[in-house]
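Colleague: Sequence:
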Amino acid sequence: MQHDTHAEHAHHGHDHGHLGGTGKVSWRTAAQATLHCLTGCAIGEVLGMVIGTALGWGNVPTMALAIALAFVFGYALTLRGILKAGVDFRTAFRVALAADTLSIAVMELIDNGVIALWPGGMDAHLSDPMFWSILAIALAAAFVVTTPVNKWLIGRGKGHAVVHQYHH
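44 is the number of the first residue of the sequence shown in my numbering; add one for each residue after it.
No wet-lab data here; the hints were simulated from the structure. None of these values were measured; they are calculated from a predicted model. A portion of the hints provided could be inaccurate.
Pair by pair, the computed Cβ-Cβ distance ranges are [claimed, not checked]:
1) Asp131 <-> Gly99: 33 to 43 Å
2) Leu169 <-> Phe132: 26 to 36 Å
3) Asp171 <-> Val103: 35 to 45 Å
4) Gly156 <-> Ser69: 23 to 33 Å
Glycine included, C-beta positions come from ideal geometry on N, C-alpha and C.
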């Protein structure tokens, strides 16, 4: 079923603010886009850290894997929704890249920066409660910094505004 108007779309619980480059975007819309991005990033980062730890890798290769997987899972979550709308893979992949690259990059810079700069953060192991505490703080910081970035992007018809046209 396609929604003919934004008002009808909002009525069904999908209030995405004023998308399409008008500059008027709600903080709720930006937060939803950021939470979507954060989910993929968190999955990828934790998986990367688990794999790196299991393989006995050092901090740098483990962090590189975690960052790479954060991008993979961030893009994958967006791709899933676009492909579900019946879009071909090539177009969906381009949309995902356009929608998520800056958001994921900012998120990764902030959360990995917090972990790297936190005293003992890089030495905390998965079994250490300090690891999970620092990760939670790092992801929260990334959310706070990335939300205004997403608000700015969506207000210019970029970021998750690009994905919006495929949500029905």
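Colleague: Please check whether Leu169 and Phe132 have a Cβ separation lying inside 26 to 36 Å.
Modeller: 34 Å, holds
Colleague: Holds or violated: 33 to 43 Å for the Cβ distance of Asp131 and Gly99?
Modeller: 41 Å, holds
Colleague: Could you check the hint for me, namely that Asp171 and Val103 are 35 to 45 Å apart, CB to CB?
Modeller: Between Asp171 and Val103, where Cβ atoms are some 19 Å apart, the hint is violated.
Colleague: State, for the Cβ atoms of Gly156 and Ser69, whether the hinted interval 23 to 33 Å holds or is violated.
Modeller: Distance hint for Gly156, Ser69 holds at roughly 28 Å.
The structure does not agree with numbered hint 3 stated previously, though it agrees with all others.
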